[in-house]
Amino acid sequence: MNNPPLIQIKDLKVVKNGRTICSVPEILVNEGQRLACIGKNGSGKSTLLRVLAGFEKDCLGICKVSAPKKERVYVHQSPYLFRGSVLFNVKYGLRARRHSHRTSEKVARQWLEALGVQNLAERSVHELSGGEKQRVALARAFSLEPRLLLLDEPLSELDEPGSASCLEAIARLVDSTIIVASPAPLPSVQGLRMETFVLEDRTET
Amino acid sequence: MELIWDSLRQALHMILTADPTVLDAGFRSLWISAIAVTGAGIVGLPLGSLLARVRFPARRIIITLFRAGMAVPTVFIGLLCFAFFERHGPLGPYDLLFTPGAIMAGEFLLALPLVVTISHGAIAALDPRVAETAKSLGAGLVRRWLTYLSEAKTGILVAMMTAFSRCVTELGIAMMVGGNIKERTQTLTTATALETGQGEFARGLAMGLILLLIAMIVTSLIVFLGREDE
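So the protein lines, in turn, are chains A and B. The first sequence begins at 1 in the numbering used here and counts up by one. The second sequence begins at 1001 in the numbering used here and counts up by one.
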């Protein structure tokens, strides 16, 4: 019952070239919680997610994440897909986690289907549209079912059905703690209870 | 001008009739350079990747030294190898002077700065999301390195092929430590120099043409592989 929070942030500040690019007074995130981090452009949403992923080193204040780095998965707002096929990309993380070829392929195809892009499995990533790339990157991240999943504006390139299948897929990740950065509140989907945290505009310069 | 046309005709005839001296020197040039460049790849690609991905105090100095190493004349490398391989040199007891092994060692030193510098440039220029994505998906050190090589494939191929072109067309090292011994250490470049020096212009030109052909094939490969990448 009294498990310590997965994420503990207090007076976090990220300063680059003398400018505060992210400032968060306090956040506590418990295991299994789903949090939508809402804020305007430039409010520091992406930076906050990058700090939690362990990519930003120069931050002040307290930021404790009890999940080791290998159990955190971060998806960029404009995701990078490796050279090769869609299936290769979705299998990448599974293979890195030492799943067999067969299991990796099965899981990868399941998640591609969950995001409605199973027909793209054999296609080269160079042939994909922006939205398709985003769905493939999400399938690649979801397939790992990580303890902490950090999604930077995952719906930015998706159309309505794409957004719906993405949120439905998020709802399926029952064991993951998920933080979604978004400029506006996320559309509601059955079975997905998302709490909201509003990131105030940084005031200091 | 007539001399050039005559020589050109003779040269083509020698290539088409598979002149044994030309073929022997040609194959030797190819396999010596291929082994030297493979060795430079085995050492140079991890080194180039390390310099691109890991920050450590002497990194800038090492990068500068390798960049400078690309401009070292082949005769100087030949001299250096000669000093090491000659009877009283540190590697004298291995009796490597005037063997293909000595040329290989010299060409390895010629190729290494090229492979390190170009692969370093290609990997350093990769999108920062490549490393972040690979790390985030849980890739270990080796898988991440292979991912960098794969994402920088065109640059890596350019590095290897540039090194190969440089090795196969160099003269200084093959002459200094190979000695241009027929059927043992003679390469296309040393044979070209020898034949031309002896007044056998046509034979010299034939070998020069083969060198040109190899350089063109390698360049076309670089262009083709670069295109495939797009």
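Don't read these hints as lab results, they were simulated from the structure. Even for Gly, the Cβ is constructed at its ideal location relative to N, Cα and C. One or more hints might be untrue.
[Unchecked claim] Restraint-style ranges between C-beta atoms, simulated for each label pair:
{"hint": "1", "chain 1": "A", "residue 1": "SER129", "chain 2": "B", "residue 2": "ILE1062", "range": "40 to 46 Å"}
{"hint": "2", "chain 1": "A", "residue 1": "SER100", "chain 2": "B", "residue 2": "ARG1067", "range": "43 to 49 Å"}
{"hint": "3", "chain 1": "B", "residue 1": "PRO1128", "chain 2": "A", "residue 2": "GLN8", "range": "25 to 31 Å"}
{"hint": "4", "chain 1": "B", "residue 1": "LEU1065", "chain 2": "A", "residue 2": "ARG172", "range": "39 to 45 Å"}
{"hint": "5", "chain 1": "A", "residue 1": "SER129", "chain 2": "B", "residue 2": "SER1150", "range": "31 to 37 Å"}
{"hint": "6", "chain 1": "A", "residue 1": "GLU145", "chain 2": "B", "residue 2": "THR1219", "range": "16 to 22 Å"}
Hint check:
Between SER129 (chain A) and ILE1062 (chain B), the C-beta spacing of about 43 Å keeps the proposed range 40 to 46 Å intact. For the pair SER100 (chain A) and ARG1067 (chain B), the supplied restraint of 43 to 49 Å holds, since their beta-carbon distance comes to about 44 Å. At roughly 28 Å, the beta-carbon separation of PRO1128 (chain B) and GLN8 (chain A) lies within the given 25 to 31 Å, and the hint holds. With their beta carbons about 54 Å apart, LEU1065 (chain B) and ARG172 (chain A) fall outside the hinted range of 39 to 45 Å.
The given range of 31 to 37 Å is broken by SER129 (chain A) and SER1150 (chain B), whose C-beta atoms sit roughly 23 Å from each other. Roughly 48 Å separates the CB atoms of GLU145 (chain A) and THR1219 (chain B), a value that falls outside the hinted 16 to 22 Å.
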